[in-house]
Structure formats: C-alpha cells, structure tokens
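Peer 1: Start from the sequences, fold in the hints, and give me the full structure.
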Amino acid sequence: MNSLHEQLARAYREQQKIYEEIKRLVNEQIRAMEEGRDPRAVLGLCRRVEERMADIAVIEDAIEPVKRKWERAGEGSTDDLDAVLGFVEAAIEEIVRGQQRVQQLDFSTKAYITDLQRADLQRHRHRPMSP
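In terms of our numbering, the sequence shown opens at residue 65 and continues consecutively.
Here are the simulated distance ranges between beta carbons: (1) Glu70 with Pro103: 43 to 49 Å; (2) Ser67 with Arg95: 39 to 45 Å; (3) Ser67 with Ala105: 41 to 47 Å; (4) Arg116 with Leu169: 19 to 25 Å; (5) Pro103 with Glu153: 28 to 34 Å; (6) Ser141 with Lys81: 17 to 23 Å; (7) Glu135 with Leu107: 36 to 42 Å; (8) Gly138 with Gly108: 41 to 47 Å.
The hints are simulated quantities; they were obtained by calculation from the structure and are not laboratory data. Just so you know, these numbers come straight off a predicted model, no measurement behind them. The C-beta atom is built at its ideal place from N, Cα and C for all residues, glycine as well.
Peer 2: Structure representation (structure tokens):
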C-alpha cells in the first residue's frame, strides 16, 4: 500500500492539474471581457470553472480520511508533498488575482452599461412627443 505521503501527493498533483486548467479558464474570462465578447461566452467559462472546482471538492472529500490518518500519525511532510502543495498554493493565489480582475471588469462593464442606459433615457426624455 502507498504511504500516506504518496497518497496525498498524488491527490494534490491531480488537483494541481485542475487548478492549472482553472487558471487558463480565468485568464480566458479576462480576455473575453476585455474584448467585449458575448456575455454568454463568459458565463460558459464561469460554469466550467465551477465544474472544475466541484472536481477539486470531490478529491478533497476523498483524501480527507488520508489527511486525518497522516495528522494522527504525526508524520512530517516530504519534499515531494511540499513541492506539490507549493504549486497548488501558487495556482490558487493566481486564480484569486484573476478572479479579482474579472470582478473589476464586471463592475466596469456594469457601470458602462448603466451610463449608456442613463444617456439613452436622457435622449428619450428630451425627444418631442409624436402627435
């Protein structure tokens, strides 16, 4: 049977691959929003991120018993486990920064649309009524 370290490292490597895909999806969201693409395309990317995050949750649930055994055993970490956790942590930080950028772009887009709507309302208010 694999050691607890090996089981954890394998699970976190799997998560790392998923986080790398999520980073790619978030970067695509940013590009889509900056390019003014159809909002449905952005929503599709958001759904894909949510799906991949659900995959991460499945892995976390599956390794929870292994993590508890590892903690109870009082085993230290290994270089392999530390390395993969470092990659996962860095990926998560990059994803968070990307999602913050998406939120900024979303706020800017909403503000821009609101300004356009106000301008449109103003034009309609000052338009003479038809007889």
